[in-house]
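Residue numbers (this note's numbering), protein chains in the order written: chain A, 1 to 287; chain B, 1 to 764.
Heads up, some of the hints might be wrong.
To be verified - Label pairs and their calculated CB-CB ranges:
id, chain 1, residue 1, chain 2, residue 2, range
1, A, 103, B, 642, 24 to 34 Å
2, B, 292, A, 47, 53 to 63 Å
3, B, 455, A, 105, 29 to 39 Å
Note that these hints are calculated values from the structure, not bench results.
Quick caveat, the model's predicted, so the values are computed rather than measured.
No residue lacks a Cβ here, since even glycine has one placed at the ideal position from N, Cα and C.
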Amino acid sequence: MQAVNYARATDVDDAIRLLSEGGENARVLAGGTDLIVQARERKRKVDLLVDVKHVEEFMVLEFDSSTGLKVGAATPLYQVYGDNNVKINYPALVDASTVIGGKAIQGRASLGGNLGNSSPAGDSLAAMIVLGGVATIAGPNGRREVPVGEFCTGPGQNVLESGELIVYISFPPVGDGEGAAWERFIPRNEMDIAVASAGAWVKIEDGSVTDARIALGAVAATPLVASDAAEALIGRPLTDETISSAGDAASAIARPITDMRGSIKQRKHLAKILTERTIRTAVERIR
Amino acid sequence: MVATGKPQYKIIGTRPRRPDGVDKVTGRAQYGADIKLEGLLYGAVLRSPHAHALIKSIDTSKAEALDGVHAVITNADLVGSGQTVQPATAEALEPGKASPRWAAESILAGPKVLYHGHAVAAVAADDVHIAQDALELIDVEYEILPHVVDVQDAMLDGAPILHPQLRTGVRAAGVDTRSDIETNLASHMRLESGDIEKGFAAADLTIEREFTSSQFHQGYIEPQNATAFWSHDGRINIWTSTQGSFMARDATADVLGVPVAQVKVIPMEIGGGFGGKIPIYLEPMAAVLSKKSSRPVKMWMDREAVFQATGPTASSYSKVKIGVTNDGTITAAECLFAMGAGGYPGSPVGAGVMCALAPYKIDNQVIDGLDVVLNTPKTSAYRAPGAPATEYAVESVMDEIAEQLDMDPIDLRLVNVAEEGVKNSSGTPWPKIGAKDVLEAMKSHPHYLSEIQGEDVGRGIAIGFWFNGGMESSSSARVNKDGSIALILGSVDIGGSRASISMQLAETLGVTYEQIAPQVTDTDSVGYTAVTGGSRTTFAGGWVVYELGQMIKAEMISRASKIWDISGDEITYSDEGTVVGPDDAEGNKRAFSFNELASKLQATGGLIAVSASSSHTTQGAAYGGHIVDLKVDRDTGKTEILRYTAIQDVGTAIHPDYVEGQIQGGIAQGVGMALNEEYYYDSDGHLMNGSFLDYRVPVANDLPMLDVEMVEVPNPGHPFGVRGVGEVPIVPPQPTIRNAIYDAIGVRFYHTPMSPRRVLDELL
Ligand SMILES: Cc1cc2nc3c(=O)[nH]c(=O)nc-3n(C[C@H](O)[C@H](O)[C@H](O)COP(=O)(O)OP(=O)(O)OC[C@H]3O[C@@H](n4cnc5c(N)ncnc54)[C@H](O)[C@@H]3O)c2cc1C
Numbered sequence: 001m002q003a004v005n006y007a008r009a010t011d012v013d014d015a016i017r018l019l020s021e022g023g024e025n026a027r028v029l030a031g032g033t034d035l036i037v038q039a040r041e042r043k044r045k046v047d048l049l050v051d052v053k054h055v056e057e058f059m060v061l062e063f064d065s066s067t068g069l070k071v072g073a074a075t076p077l078y079q080v081y082g083d084n085n086v087k088i089n090y091p092a093l094v095d096a097s098t099v100i101g102g103k104a105i106q107g108r109a110s111l112g113g114n115l116g117n118s119s120p121a122g123d124s125l126a127a128m129i130v131l132g133g134v135a136t137i138a139g140p141n142g143r144r145e146v147p148v149g150e151f152c153t154g155p156g157q158n159v160l161e162s163g164e165l166i167v168y169i170s171f172p173p174v175g176d177g178e179g180a181a182w183e184r185f186i187p188r189n190e191m192d193i194a195v196a197s198a199g200a201w202v203k204i205e206d207g208s209v210t211d212a213r214i215a216l217g218a219v220a221a222t223p224l225v226a227s228d229a230a231e232a233l234i235g236r237p238l239t240d241e242t243i244s245s246a247g248d249a250a251s252a253i254a255r256p257i258t259d260m261r262g263s264i265k266q267r268k269h270l271a272k273i274l275t276e277r278t279i280r281t282a283v284e285r286i287r
Numbered sequence: 001m002v003a004t005g006k007p008q009y010k011i012i013g014t015r016p017r018r019p020d021g022v023d024k025v026t027g028r029a030q031y032g033a034d035i036k037l038e039g040l041l042y043g044a045v046l047r048s049p050h051a052h053a054l055i056k057s058i059d060t061s062k063a064e065a066l067d068g069v070h071a072v073i074t075n076a077d078l079v080g081s082g083q084t085v086q087p088a089t090a091e092a093l094e095p096g097k098a099s100p101r102w103a104a105e106s107i108l109a110g111p112k113v114l115y116h117g118h119a120v121a122a123v124a125a126d127d128v129h130i131a132q133d134a135l136e137l138i139d140v141e142y143e144i145l146p147h148v149v150d151v152q153d154a155m156l157d158g159a160p161i162l163h164p165q166l167r168t169g170v171r172a173a174g175v176d177t178r179s180d181i182e183t184n185l186a187s188h189m190r191l192e193s194g195d196i197e198k199g200f201a202a203a204d205l206t207i208e209r210e211f212t213s214s215q216f217h218q219g220y221i222e223p224q225n226a227t228a229f230w231s232h233d234g235r236i237n238i239w240t241s242t243q244g245s246f247m248a249r250d251a252t253a254d255v256l257g258v259p260v261a262q263v264k265v266i267p268m269e270i271g272g273g274f275g276g277k278i279p280i281y282l283e284p285m286a287a288v289l290s291k292k293s294s295r296p297v298k299m300w301m302d303r304e305a306v307f308q309a310t311g312p313t314a315s316s317y318s319k320v321k322i323g324v325t326n327d328g329t330i331t332a333a334e335c336l337f338a339m340g341a342g343g344y345p346g347s348p349v350g351a352g353v354m355c356a357l358a359p360y361k362i363d364n365q366v367i368d369g370l371d372v373v374l375n376t377p378k379t380s381a382y383r384a385p386g387a388p389a390t391e392y393a394v395e396s397v398m399d400e401i402a403e404q405l406d407m408d409p410i411d412l413r414l415v416n417v418a419e420e421g422v423k424n425s426s427g428t429p430w431p432k433i434g435a436k437d438v439l440e441a442m443k444s445h446p447h448y449l450s451e452i453q454g455e456d457v458g459r460g461i462a463i464g465f466w467f468n469g470g471m472e473s474s475s476s477a478r479v480n481k482d483g484s485i486a487l488i489l490g491s492v493d494i495g496g497s498r499a500s501i502s503m504q505l506a507e508t509l510g511v512t513y514e515q516i517a518p519q520v521t522d523t524d525s526v527g528y529t530a531v532t533g534g535s536r537t538t539f540a541g542g543w544v545v546y547e548l549g550q551m552i553k554a555e556m557i558s559r560a561s562k563i564w565d566i567s568g569d570e571i572t573y574s575d576e577g578t579v580v581g582p583d584d585a586e587g588n589k590r591a592f593s594f595n596e597l598a599s600k601l602q603a604t605g606g607l608i609a610v611s612a613s614s615s616h617t618t619q620g621a622a623y624g625g626h627i628v629d630l631k632v633d634r635d636t637g638k639t640e641i642l643r644y645t646a647i648q649d650v651g652t653a654i655h656p657d658y659v660e661g662q663i664q665g666g667i668a669q670g671v672g673m674a675l676n677e678e679y680y681y682d683s684d685g686h687l688m689n690g691s692f693l694d695y696r697v698p699v700a701n702d703l704p705m706l707d708v709e710m711v712e713v714p715n716p717g718h719p720f721g722v723r724g725v726g727e728v729p730i731v732p733p734q735p736t737i738r739n740a741i742y743d744a745i746g747v748r749f750y751h752t753p754m755s756p757r758r759v760l761d762e763l764l
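The following block holds chain B by itself, in its conformation from the complex:
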């Protein structure tokens, strides 16, 4: 079944209680911090005080001699780093494909530290205080090197070079092809279609602007943690807080150089990730400390380490040029995006490039993307990686175009909006998408139609796009004798996926939500499942349980056929979960409820147990449009959000509470990026604000109620029309707020965050 238009559902669209709710509100849920094992040791990590330095020597002997210390490790102890790896080549430096040696060096620094907070050594001791004392006894001799933390500076000739072996044949503007030159540019990508020269020649108005944005951290509440036990038989168990237990398993095995089957990852409940808990950090350290000490080892980061050494998103530099005719039709667009990857290659610039112009039909376009290494923590995914920065630049230029053409900003977007069949920047035609539906819903929304009043009050709008992910997911299900169903999931549950996936199985089988008992399991107990990220989990998890449901239905029919002794072809499985056959010879109805038939399973061949793994590429891209009213205090530069509305194509809202929650959460994070969040480095490249005091995420009373209006344009590539919802909402806030601030005080900003200090800088 493929949904076209939204069918009537019984369970989908309702708001049942989440299965993990009681444990979480009563504090019983098991997080990484709750792990206690016999003989447990506690780990601590020594981190670099410098942004860029050569490690001349490390002497751990005094730390090892301290009473209560059981093991001290450095990069040399990570097995994978002992492998011979070819010097990095351009291929090896594709985003996300750093060499194995670099993967190990990013866990524990190799010959160089590349950012303030880079891990240098780790200790396991009887308690965490002894472990911390031991860190002070490790002598590291550094030779400090010049550093660079700004993405534009890192591209300049003569910039400090992070990786002398790095060659891409690309220079800042993407034209210099000398391949023999040292560079911080790890890769270059270009998307190109049509003829931009012709396009710009046809334009009546062309606007070109440059933008920058700071580094933003995901800001999850729970810090990274990992507990590992490396047993004498070589098996490694890891309890950790991760977005993808399989990914954590594979990455750990790679770094350690052990067979994947030797590693088992047991995912704990997770206190937020937003992309930041996709990479591994502590897992290999805890494992090697455990191997050295023959004891289980538990580690966790403090908040400062989380800020210093776990991936924030990339800082960015963007240049966007858009040409339009007087009626608003875009004739050409040319964009350059550079993103700071941190110490090792792999910024989200690629995804950012592909998203930048996705809301629009633009026949003539060129988009360049540059991945730049610099002396900041290695970036990791953060909710719609890359898209907030690139779409912020494009949506800001669109606002200036609308103003100059004296057009309503939504109308300008409607003139150019992408629709089914229009080719995206990669040249692929869009399937059914809801961009136009979103824009129309914005235009008729009471918020947009309302009057705004007051001094220094303004309104802004912008739209945003994200692909949403497909990828591999696995599940298994067992039907018990009373009809209850144990559902085993490979996906770590961050945003309520146990509920949203169970609901889809219940809908498939026509049973109740309550009779399904979902459980997230470890990597030995279910098939491979990709990360909980990319807004893919409800999509892919739904596909798998839909497939499981078909298997269960077929098996139920076959059991009924045994019992009734008739062919399965004569039996149907109704939407209510009833197995129905033709009337018997006496004219009696033949029907079993799901639960009735379940009670007969053991006598007819055993209880049902099914497993499925699948990987679908029919995920549905999605759009959202935001409207904000705000007020700027000219005396202090502070912006107050007065009213905020998000309209989003959510495909089908499986559990509307969670959909709204995702959208509100995305807005809150986007508002943080727009107004206050940023990494602040001193002139030595030290991160100065590694705390929630000075890295300012919005608190509850910084935001009004965030209104959400869901538009449902079901994804034809999913049995229940699911598109992802979690990432789209973080994309529009920055340009929405930027455009509103202009409306309020007449100042255009070209950097985010637009903190009070920066607003004052413009006003004073």
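So here's chain A without its partners, still in its complex pose:
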């Protein structure tokens, strides 16, 4: 790590200005659990840290049963999973945010940082996708909304333009017959990085699946929206067979690599297994 400038943004516009002026080596600082580590190991060059934690809009956690959930991009995870409304309505978010790092990391780490880091293995990403998460992005040209499933464009790459940053992520309200879950596979029991992960959201009416979303992590260059897997469920009764065909469909779209964390064969297989497991958990959670 080298000497780095630090600026505390006073509001959203100030953050945009600091980022625009700072150029490509100005980075948003949320919890810093990715950024500081990368800078210290000289894996990312950083000249300016723009700390957004002192601006309220980045730190919100609001729930309203009719409008849904709004999580500030820098709101620490322990607040997210510690919140009763989140626990009751968005347990898939709890699944993911409770396994990111350990307690110490969760005291700082954020959903905005997990998304901003744009690793295909970022654990909250598939969970946010299946929950219908949408990122509100602010920049020199105003605000825009991007679904989480369309945010990442490659490992460490995303749709953000120069001067842009995520302000918050919002999730639609939860209706009757809906349930969601997220799960990852790691060789150890904690403090590990996903070999593969999957999230599932299902809506069941009269014994049939009327809507579904499936997403995968760590099996391609970006998190994947597994529409085919969701299609395999929609309009069908939830049997072992439909769940298995959804698993196969998820596995079919996985485009993993072989590296020190897993092999292509293992990851494709896990895409199926985790898809099936999360569908079952999602169904169990339906109120």
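Model the placement of chain B with the ligand on the given structure of chain A, informed by the hints.
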């Protein structure tokens, strides 16, 4: 006194607080990272991006010109490398006896880099950031060479050759005697007894299997570090984290080409070593940077450097063939073990060979061991070096034999178990050993007797052996006027040896543990002491303080004899630490407590100060047996340990908490080897997982409570019956778990780790 059966002890076997405990839990203990000196500079190391390459040129001029940089060094600056060294001969290549030139090149690369992460140059600067910036300004021109990281590949004809001058006259199978041929085989050893042809002919069942294992790192928490100051008068002080301050001193003096007496090593507290902190790495670099800059220089490795450039253990290839009669009696065994030494010769294959068949009585046996150089970091000792790999192969074959004979696996081992008088693989008869006691304790253990239930749940057992070390240790002791005792130790304390050695002195003298103040000191202040390793420290340290205790007792008696004016022959030293003489003329008792007599020392010739050095070869070999229950998730390939029990002959447990801790630690590391740990290289020979994220040691919640049952078969070669305990427990986990996985899912594995990915490969 030599213990036979376990006597009643007052202090040995209790669990007092460790003397270094408070400082460690309050963060006051001084580790290498805590060193701060006036004018301190900070060092950084440039490491090779290639697995194998010629260094065509190094240009350090831009780095030297950077503001804040005080010195830049390469191999040419290491004084020892200036010495003329004969081309390596077969003798010079014996394990652990690499040539001095190689010792220097392993610190800073010579004409070639031999592995990804090999140190190439080092910088000292005002702060570490400037030093790191300077590294980017060093221009190195490499000519990339073909590389080899797999031990079997390295033995093939046409494999990339690491050291063109290497000649051993040995080819892969140990038969080709052409001595003119380039090779990566640095040495060959063979142990042979009886007649294996006859032995195999007498067998009803013969099983031969091949095994491989990955490279495993010791994974200590504290990275290597060293601070050095080379003063203008030529004296060199080194503060470092090492398992052996004397060894670090001697090795540094050798590399630098300076007299040993010029170097003083001050050992800091050590955050784990497991064998990995026996070699030196940063010490000579820090010293030479200090000489060039006239300032003290501090260096430490980051985690990636620790993985890339400090010794992991060897990867291995094993072939084991065992013949038995229908009643389970082993008639013959034939083994071949090849281990990857890394860039320079010296894998632990020799020790592995000697351990492989140590649990058993086998009249007809041949064991070959091959030391193979390849483009990975130079391996160093790791807890029972060599034994986990070789015994894993043997214990795995034993499990398959038990299955085919339909015998209980413990019974099969009991039929063949080594006992006192049986000759080991080197032809030496065993002294009293506890292998049979361990097997019997396993058989009657509630864990082994319990039922296991559930789908994909299995149980496995295996046993393990390690020699334990003797070697040289030194200490001195001073009795103060109040009877308190300052105990000066040459052994670096890794696993609680300040406590375990103090306890043995207290027991010897009949004083309290609390009145002894132990202290680890530097190389100028105590006699030569070998490394804290080889499970030797409590054994050898105990011997020395036992000897010190005898000297103190004799001196106490002589003082009492002066005071009472009677002959020393009439005075005894009681087990309670009381000096007792015959009643005086009036019939009054003559006795001094230890502390009372201590208060009279100054008036009778001065306080007592004694020193001793000794080297005993009566260390006690030890055995352990492990039992595991586990469950395999067929969907993910992940193995969950449900229950784990280790039974071990510990000789005498001096401090049972530390003994249990050693055994649990060994198991945890062994489970890591069995299930997840491994070096992962890409096709260019780059180490891809040099971090604790991707090199997966087990975390606390990966393991259940690890149950330990201590069997005490005192070592007759030690005053308190001590055998070593720290290394045996890392040996059985790999085969124990491998045998249990077979029981669970019916798949035999021939490679460790049996990671989820490899389990899935078998199941899908
Ligand atoms: C020990 C350890 C364990 C970990 N374990 C896990 C794990 O299990 N699973 C997992 O997914 N991750 C893990 N991580 C990574 C990290 O903790 C997570 O990715 C975390 O969510 C990052 O959040 P943060 O607030 O710390 O982000 P930061 O480090 O502050 O930022 C991360 C990146 O996002 C950018 N960024 C931050 N906020 C914004 C914003 N508002 N708009 C645009 N860009 C932004 C930053 O500039 C930076 O590039 C671990 C990290 C550590 C150190």
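Quick one: are residue 103 of chain A and residue 642 of chain B within 24 to 34 Å, going by C-beta?
Since residue 103 of chain A and residue 642 of chain B have Cβ atoms about 26 Å apart, the given range 24 to 34 Å holds.
Take the C-beta atom of residue 292 of chain B and the C-beta atom of residue 47 of chain A, compute their distance, and say whether it sits inside 53 to 63 Å.
violated (33 Å)
Given a hint of 29 to 39 Å, does the C-beta separation of residue 455 of chain B and residue 105 of chain A actually sit inside it?
Between residue 455 of chain B and residue 105 of chain A, where Cβ atoms are some 35 Å apart, the hint holds.
Comparing the model with each numbered hint stated earlier shows that hint 2 is the single one that does not hold.
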